[in-house]
Amino acid sequence: DTEVTQTPKHLVMGMTNKKSLKCEQHMGHRAMYWYKQKAKKPPELMFVYSYEKLSINESVPSRFSPECPNSSLLNLHLHALQPEDSALYLCASSQVMGETQYFGPGTRLLVL
Amino acid sequence: AQKVTQAQTEISVVEKEDVTLDCVYETRDTTYYLFWYKQPPSGELVFLIRRNSFDEQNEISGRYSWNFQKSTSSFNFTITASQVVDSAVYFCALSETPVGDDKIIFGKGTRLHILP
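Top to bottom, those sequences are chains D and E.
If you count the first sequence from 1, position 97 lands on 283 in the numbering used here, and the numbers rise without skipping.
If you count the second sequence from 1, position 23 lands on 43 in the numbering used here, and the numbers rise without skipping.
Honestly, I wouldn't trust all of these hints.
[Said to hold, decoys possible] Calculated pairs, DSSO-like style, for lysine-lysine (alpha carbon to alpha carbon, straight line, at most 30 Å):
(1) D/Lys208 / E/Lys58
(2) D/Lys195 / E/Lys36
(3) D/Lys227 / E/Lys23
(4) E/Lys128 / E/Lys36
(5) E/Lys123 / D/Lys239
(6) E/Lys123 / D/Lys208
(7) D/Lys208 / D/Lys195
(8) D/Lys226 / E/Lys58
(9) D/Lys227 / D/Lys208
(10) E/Lys36 / D/Lys208
(11) D/Lys195 / E/Lys123
(12) E/Lys58 / E/Lys128
[Unchecked claim] Not close to chain E: a few residues of chain D, all C-beta gaps over 10 Å, as computed:
(13) Leu197
(14) Ser206
(15) Met213
(16) Leu231
(17) Glu238
(18) Leu240
(19) Ile242
(20) Asn243
(21) Pro255
(22) Gln268
(23) Tyr288
Calculated directly from the structure, the hints in this document are not laboratory data.
Note that beta-carbon positions come from the ideal geometry of N, C-alpha and C, so glycine has one too.
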């Protein structure tokens, strides 16, 4: 089973809202990733957690705050987003960093 | 620096035709992985294949086949007898260090339309 789940599927939020995206995997993977994907572009890496520790932060603005409560869960907390943050947010996991990444279905975020 | 080039932005073929998606990569390392992912309109990136730099054997999986040639730094993907369900964006990707800190670098993707 190579399933990564993400909730919600769609999210509309105002610029003053606080919301969270959730990602879950039960494959025993120890690396988890957040990507942002704009229309007609490839995914762009945002964060990588390895063994529940933040390993890579690709200079993402602080209005995006990742959290890895345990080895199966990855959250992305959103606060004071801008309309340009509207995108598809993809979560992925891999056995360890550098191994094949398996992606979730994504959350389509619209910031008004 | 590592780089992945997918020169074909968009391709349209009629159902049942064969189609090849090109991928050219650049890397300084001798050890690396190459990947293909499929992204249908639903948005999920579906893993198709991983090939390590030491294995130049071509791979076939049903209607899909991959041709890895280190001499030309290419890792092309062919769909035989295409079907409408093959319509998607296909990304080629490169990871320089199999186990380590390195990230996957994606090409810009090729949007494939299979016309009924």
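Indices of hints not satisfied (ascending): Of the numbered hints, 2, 10, 16, 19 and 23 do not hold.
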